[in-house]
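Trainee: Residue strings, one per chain:
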Amino acid sequence: MTKANDFVRWTTPTNHLPVPYDPHQREEGATTMRDTPISKRLAVKFVGSTRPTETVVITPGTTTRELLKELNLGPGFEISDARNDVLYRPDEVIFARVADGDLLHISAMVDAGA
Amino acid sequence: MRFFSRWFCGAVAPRKVMLVSIPAGAVRRDETSLAQQRGWRRRGKHYAGPFATPHGTWLGRVEAAGDVFRCYVKDPPIDIVSRHEKWPCFSRDTPDGWWRINLAVSPVDRDVSAVILYVERLLIESHRRAGKT
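These protein sequence lines map, in sequence, to chains F and L.
The opening position of the first sequence corresponds to residue 1 in the numbering used here, with each subsequent residue numbered one higher.
The opening position of the second sequence corresponds to residue 115 in the numbering used here, with each subsequent residue numbered one higher.
Simulated from the structure, these hints should not be mistaken for lab results.
Computed from a prediction, not measured in an experiment: that's the story for all the values here.
In this text, a Cβ means the ideal position worked out from N, Cα and C, and glycines have one as well.
Heads up, none of these hints are tricks.
List of simulated lysine to aspartate or glutamate pairs, DMTMM-like, C-alpha gap at most 25 Å:
| id | chain 1 | residue 1 | chain 2 | residue 2 |
| --- | --- | --- | --- | --- |
| 1 | L | Lys200 | L | Glu239 |
| 2 | F | Lys69 | L | Asp144 |
| 3 | F | Lys69 | L | Glu145 |
| 4 | L | Lys200 | L | Asp189 |
| 5 | L | Lys130 | F | Asp91 |
Simulated restraints on C-beta separations:
| id | chain 1 | residue 1 | chain 2 | residue 2 | range |
| --- | --- | --- | --- | --- | --- |
| 6 | F | Val86 | L | Val222 | 18 to 26 Å |
| 7 | L | Pro168 | F | Pro60 | 29 to 37 Å |
| 8 | L | Asp193 | F | Ile38 | 41 to 49 Å |
| 9 | F | Leu87 | L | Leu133 | 19 to 27 Å |
| 10 | L | Asp210 | F | Arg51 | 36 to 44 Å |
| 11 | L | Pro209 | F | Ile38 | 55 to 63 Å |
| 12 | L | Trp201 | F | Pro60 | 36 to 44 Å |
| 13 | L | Arg224 | F | Val86 | 22 to 30 Å |
| 14 | L | Pro209 | F | Pro60 | 50 to 58 Å |
| 15 | F | Ile38 | L | Gly158 | 50 to 58 Å |
| 16 | F | Arg51 | L | Ala162 | 23 to 31 Å |
| 17 | L | Arg155 | F | Pro52 | 19 to 27 Å |
Okay, chain L solo, but in the shape it has when bound (with noise of 0.2 Å):
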């Protein structure tokens, strides 16, 4: 009975989430990665580009290593961002302005559009926190 009622309960439940297909002939989406919208360039396991934002834009770098991606970005806003909480992630790389932002997580599709997405989201975020206070 228990059965029945989980099957039915089941089969009668209304999906909450439902894929609308797009009509023949309709305008072909946007296929484009971020990656490739913000002009980042790669070579070999090396990619560079800028982190855009409204607040402005950076150079990046990302490089990819096995499974992990270590991640650059020139000159960052640094009154800005020291006061986000991943703050401590960032390490000065080298003199000419090059400072590291260590991932602990990479993507699992190891995409970098993931990693430049994440960095422009807290870029964006460490200026909307300055702003408030």
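Only chain F is shown next, with the shape it has when bound in the complex (with noise of 0.2 Å):
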């Protein structure tokens, strides 16, 4: 069964971003491309500073990389998910792990080391 918002979702060019915002919708349970969404919002909160909280639309594809570089951020800085704390690696597409909605936080790099 066609959903109303699925016209609307396969029509809108990937140029035309943002395309409207649906909170339910999620990549999890997806069986096929058509149920794959084709930009999610997320929430980025700047850890370390009083920056205000941005949000961003991402494409397919995203990496950590290309979002920081968004964001005018270095390779100082990395991103992890707010809910459960893992670490996204500086090359990883990040739209697969994602969910629309997220909130993901930025902080300067630190690593103990001997």
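Assembly of the complex is requested from the two constituent chains, each provided in isolation within its own frame, with the hints serving as guidance.
Mentor: Structural data, given as structure tokens:
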């Protein structure tokens, strides 16, 4: 059965983003390409600064590095999931790992070592 | 020709990431840093406060020494953290339960919140791995 929102989703070119926001649209349980959203809206909080939380829309194939670049941040920063504190690698395709409406944390890179 | 095709492809290629502006009049979002949210206090170059995780809260201390940070945690769950691969970076600092975590990479923006987040993540990872085994 075709939902009304599918028509909007599949007739909107990706260069006309942002697409209409549907908070219930999830990639979980998607069995076909048709069920996979063409964009995801995320809230990005800057953990260590008073810079206000930004809202970003990402498209399939977006990597962590590309998201940081758009936010004018260099390689000294990292992105983690606010829910479960999972850290994303710089070259990781973040689109596949997040759900629409997720909150991400951005912080400066820290590592323990001898 | 190659220059033209590159320029053309770059011009029409859709952007992968787009910033969305907040409508005027919308409720302002939280702008406090993690250190403020956790209630960390600053005294000169010393910071003190809790490392809060879903598994418990541990007292912490961070000292700024130039570009690097010295990080301490009081009475960490040694039996759990000792299974983490970063355990060799822990060293007992004082006999009253303070342990130092040796940081190899300090935050480029010199913000203590990144250190707090890192230690909290380390403690959560340790508990998660201990729960699996």
